[in-house]
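J.: Sequence:
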Amino acid sequence: MPHSTRAAAVRLVAFFVAGMRLATLAQMAPTLLAAMPALSRADHPWLTGATWILATVMLVVIAAVAVVTRRPPGVALAVVDVAVAVALLVVGLWTVPVELRTGSWVGFQLGYALCVSCSLSAIRSRWLWMFLLVSLALAEAVYIAPTVDGLADLTGALSTWLTLLILGPLAWFGCRTIVRIGTEADEARRYAAAAAKAEEERRARLAIHNGTAMMRLLVETDAADGNGALRSQAEVELNRMRAYLSGHTPAPANEATNLAAVATALGAEFDDLPITVVADLAQDITLPRALADDLAAALRSLLLNVRQHAQATRVVLHAAEDEDGSGWEVTLHDDGIGFDTSTTAYGVGLREVVVTQLARSGVDVEISSIPDLGTTVTLTQTTASVQVP
Numbered sequence: 001m002p003h004s005t006r007a008a009a010v011r012l013v014a015f016f017v018a019g020m021r022l023a024t025l026a027q028m029a030p031t032l033l034a035a036m037p038a039l040s041r042a043d044h045p046w047l048t049g050a051t052w053i054l055a056t057v058m059l060v061v062i063a064a065v066a067v068v069t070r071r072p073p074g075v076a077l078a079v080v081d082v083a084v085a086v087a088l089l090v091v092g093l094w095t096v097p098v099e100l101r102t103g104s105w106v107g108f109q110l111g112y113a114l115c116v117s118c119s120l121s122a123i124r125s126r127w128l129w130m131f132l133l134v135s136l137a138l139a140e141a142v143y144i145a146p147t148v149d150g151l152a153d154l155t156g157a158l159s160t161w162l163t164l165l166i167l168g169p170l171a172w173f174g175c176r177t178i179v180r181i182g183t184e185a186d187e188a189r190r191y192a193a194a195a196a197k198a199e200e201e202r203r204a205r206l207a208i209h210n211g212t213a214m215m216r217l218l219v220e221t222d223a224a225d226g227n228g229a230l231r232s233q234a235e236v237e238l239n240r241m242r243a244y245l246s247g248h249t250p251a252p253a254n255e256a257t258n259l260a261a262v263a264t265a266l267g268a269e270f271d272d273l274p275i276t277v278v279a280d281l282a283q284d285i286t287l288p289r290a291l292a293d294d295l296a297a298a299l300r301s302l303l304l305n306v307r308q309h310a311q312a313t314r315v316v317l318h319a320a321e322d323e324d325g326s327g328w329e330v331t332l333h334d335d336g337i338g339f340d341t342s343t344t345a346y347g348v349g350l351r352e353v354v355v356t357q358l359a360r361s362g363v364d365v366e367i368s369s370i371p372d373l374g375t376t377v378t379l380t381q382t383t384a385s386v387q388v389p
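Using full-length UniProt numbering, the first residue of the sequence shown is number 1, and each one after it goes up by one.
Incorrect hints may appear among the rest.
What the hints assert, rightly or not - Derived SDA-like pairs (lysine to any residue); straight-line CA-CA distance at most 20 Å:
#1 Lys197 / Ile181
#2 Lys197 / Glu352
#3 Lys197 / Asp186
#4 Lys197 / His3
No lab work stands behind these hints: they were computed from the structure.
None of these values were measured; they are calculated from a predicted model.
Sequences are here, hints too, so could you generate the full structure?
T.: Written out as structure tokens, the structure reads:
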């Protein structure tokens, strides 16, 4: 089972609830021995003993449930817990002397009610949680009201009452926040895994597309035609695919490269085409190596399409800096058969290698084509669209 941060957060809350219960029990136990003489003289000794037994059983049972299930008590158990706490506070009006209701664990009802208020983290409904907390607060107010005899007693009683109204909400919101953070962490992990999978699929398409197109051309080309340029390109693409499959795809260098050099090199790769490269006006444009590699892959894919489909008698690759120096533009035009851009779906090469990959670097791609007149692809990047790594 994959690791879940939310499950770990829920376990943490469950252990917090169990710890609260056991700590309350540990504070009650020594006091019971000291209070035995006073309880034996109480008006309702058996009822008093029953309240201690009931509180002890509830503390142990809910702590055990939280530890075994590794979850805080569910809504039904939480409601029963609050009902028991309210009942103990009400019964305490007869079983606990007024002078022992505060400042002593002989009147354990206040400590038990506080423990219960901090154990309601499993209740998601805000309104149900508020109803249960208010029920505890009202029962506690009734329980401690007889202890007030003057301003000093009022201040102490108010402080005791506010302790429940402050720590209860803090525990509820804190536990709910921890669980929510765990849930969001799991969602972020799933999103990252899906994004990594999509990125790896994209890299695979980029790695094999041009190589696949090159192998197809090799198969369709007569082996005796002596096309050295085609074979050289096929060898380059083969090495690229082998590097990807071996997991050793070379990382881009930090150096920059010249736009004119990229265009000129691509033209030389496809010298079997009737291609003219005009790149003199791009001599002053330097590109990050990653962008230069992406641009070269995109132009290579476009020229493969020209070689395979266009049936062109003239191909022009033009690269130039904008007149105002705000960016650059590369155009690739052929006078081939063209296609209808409104009805033709882009293949992997145009969609992934050209449009999507270049968009990641802030390069806009515009493809215009007219059947029987040719195709023009325009790649542009302005200073404002440059992606900062």
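J.: Hints first: check each against the structure and report whether it holds.
T.: Verification of the hints:
Of the supplied pair hints, the one linking lysine 197 and isoleucine 181 is violated, its CA atoms being roughly 24 Å apart against a limit of 20 Å. For a cut-off of 20 Å, the pair hint linking lysine 197 to glutamate 352 stands: about 16 Å separates their Cα positions. For the hint pairing lysine 197 with aspartate 186, the CA-to-CA distance comes to about 16 Å; that is within 20 Å, so the pair holds. As the CA atoms of lysine 197 and histidine 3 are separated by approximately 18 Å, the hinted pair is consistent with the 20 Å bound.
Taken one by one, the earlier hints fail for this structure only at number 1.
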